[in-house]
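A.B. asks: Chains A and B, in that order, give the protein sequences.
Take 1 as the starting number for the first sequence in the numbering used here and just add one per residue.
Take 1 as the starting number for the second sequence in the numbering used here and just add one per residue.
If you're looking for bench data, these hints aren't it; they were derived computationally from the structure.
If a hint is listed, it holds; no wrong ones were tucked in.
Not the full set, but computed from the structure, chain B residues with beta-carbon under 10 Å of chain A:
1) Ser43
2) Thr131
3) Leu195
4) Thr196
5) Trp197
Since the model is a prediction, treat every value here as computed from it, not as a measurement.
The C-beta atom is built at its ideal place from N, Cα and C for all residues, glycine as well.
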Amino acid sequence: VTSSPFVEPLREADAFQKNVFLIFNDIVDGIREKTLSATVIDRHWESSCKVYDSKNSEHVHLYIFEIAGQYRFVQILVKAQDNLLRDSAAQYKAVCAKLNLDPVVPLLLIYVRRFVEDGPWIRRRWANNTVLLDLPNREDIKPADPNSFDWNQPVRIQSPAGTDSQYCEDATIRLRRLTEIHDQNEIGVIVDELLNLAAHVGVPILLADQASLSATP
Amino acid sequence: MIYADLRGKISVAEDVFTSNVFGLLFLLPGRDLLDFLTFSHTSRRERLFLRVVSEPKLKIDFWPYLTCPRVCIPDAILTVESRTSAPLRLIIEAKIGAAQTGDQLADYWRAGNIRYPNRFELIYLTDHRSTPKRELEESETRAGAGAKIYWLNWYSLFQWVQQQLSDGLSRPYSEKQILGLLKNYLSDKGYQTFLTWRPWASLMPTSYRRKYMCSADQLGVVRGSYVHRYFDQRLGKIPPPPYVLQHSENPS
Numbered sequence: 001v002t003s004s005p006f007v008e009p010l011r012e013a014d015a016f017q018k019n020v021f022l023i024f025n026d027i028v029d030g031i032r033e034k035t036l037s038a039t040v041i042d043r044h045w046e047s048s049c050k051v052y053d054s055k056n057s058e059h060v061h062l063y064i065f066e067i068a069g070q071y072r073f074v075q076i077l078v079k080a081q082d083n084l085l086r087d088s089a090a091q092y093k094a095v096c097a098k099l100n101l102d103p104v105v106p107l108l109l110i111y112v113r114r115f116v117e118d119g120p121w122i123r124r125r126w127a128n129n130t131v132l133l134d135l136p137n138r139e140d141i142k143p144a145d146p147n148s149f150d151w152n153q154p155v156r157i158q159s160p161a162g163t164d165s166q167y168c169e170d171a172t173i174r175l176r177r178l179t180e181i182h183d184q185n186e187i188g189v190i191v192d193e194l195l196n197l198a199a200h201v202g203v204p205i206l207l208a209d210q211a212s213l214s215a216t217p
Numbered sequence: 001m002i003y004a005d006l007r008g009k010i011s012v013a014e015d016v017f018t019s020n021v022f023g024l025l026f027l028l029p030g031r032d033l034l035d036f037l038t039f040s041h042t043s044r045r046e047r048l049f050l051r052v053v054s055e056p057k058l059k060i061d062f063w064p065y066l067t068c069p070r071v072c073i074p075d076a077i078l079t080v081e082s083r084t085s086a087p088l089r090l091i092i093e094a095k096i097g098a099a100q101t102g103d104q105l106a107d108y109w110r111a112g113n114i115r116y117p118n119r120f121e122l123i124y125l126t127d128h129r130s131t132p133k134r135e136l137e138e139s140e141t142r143a144g145a146g147a148k149i150y151w152l153n154w155y156s157l158f159q160w161v162q163q164q165l166s167d168g169l170s171r172p173y174s175e176k177q178i179l180g181l182l183k184n185y186l187s188d189k190g191y192q193t194f195l196t197w198r199p200w201a202s203l204m205p206t207s208y209r210r211k212y213m214c215s216a217d218q219l220g221v222v223r224g225s226y227v228h229r230y231f232d233q234r235l236g237k238i239p240p241p242p243y244v245l246q247h248s249e250n251p252s
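Bound-form chain A, shown alone (with noise of 0.2 Å):
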């Protein structure tokens, strides 16, 4: 018997959280791992569960590291950012109607190998940008192709030489369902796939153009 009706689905939210943080935890150690005999450098560590908060909440866990002069990432998407939502995020929505995923509350993991080396500074919005999420609307700045996007393989996005290194403009991520993860066994299988995330996937390079960008559903 609990005291209100809100407790149990609250309950159940409490749960999932903790079990995204395993997860997210699980991987960056399986990483570690799996690079033991590398020289790897943590870039970037941050979990940011701000559910509570009434006018910007979010939900994302985001580990980059550099191994090999690259950068590689891998984040968890839970719940994207209400500012990011309440500005432009057209190309965003379009990537999330492609996927069949619900923009507000996604539940995506992305994993990333980014190729472009600028320097040592790293922007936490890569990860972001990758789904087309926390892009500026500029025209300098040419998003992939929503429509290219798909599950469970690796997808190149790439924009035109000279695009601002800002943002993400070069990278093969691959995507996949959170709560399709149900065990320890599938966490070594995303490690794997992070790790060996190819330079050059067998899929055509999308660029962006404002022309299939309308053409999303």
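Since chain A is already given, all that's left is putting chain B on it; use the hints.
C.D. replies: Relative to chain A, chain B alone:
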């Protein structure tokens, strides 16, 4: 906590934890403890090899004194008896958050090498989430040529316990109880790893969802927003479904 109590260590949280965990593990068949320890590995990912016979004879000493080359006190020494050769000693140093005091690992390895030459292994059991590579390498360097230090963490123990619970349906009741207690203890102490999603409201009807879906099925209505509907019923905005009244009036 018996071992910690017997040795006057109950004021040190780390010692109590070590005593509790190894005290419980030691109640399981000897092969279990050895099986878990074989997950240890060096900073070069060399796994600890232990020849695990079906019923090994084990002896455990908590906080024993090793006096050469100087006094040092590891948390435990596990002695694996053998009929054909000298016993193997597993020297275990456990940590929960604290760093080494001085050159503990190097000291223990040197002491082990003097006291049990070629018949010991050193295991560093910590709460690091991943291998403390640099620390192990530095300790091996300080210990001297040939030193090899294995590492394991408490998260691995949680996973091992969970695996035993999943696989060991045929285990005696007492062993399951010990494993269950160990799992809860480790989880409570924060050494849990992801197991799986718990049965979820959206996947498995429970409570308000089940009540609503049952009533919807009985009434033949199309299922809508069960959460809103249930809350509305609780708040009296809409009448509860008939079966709820029947159920409360007639428990049979």
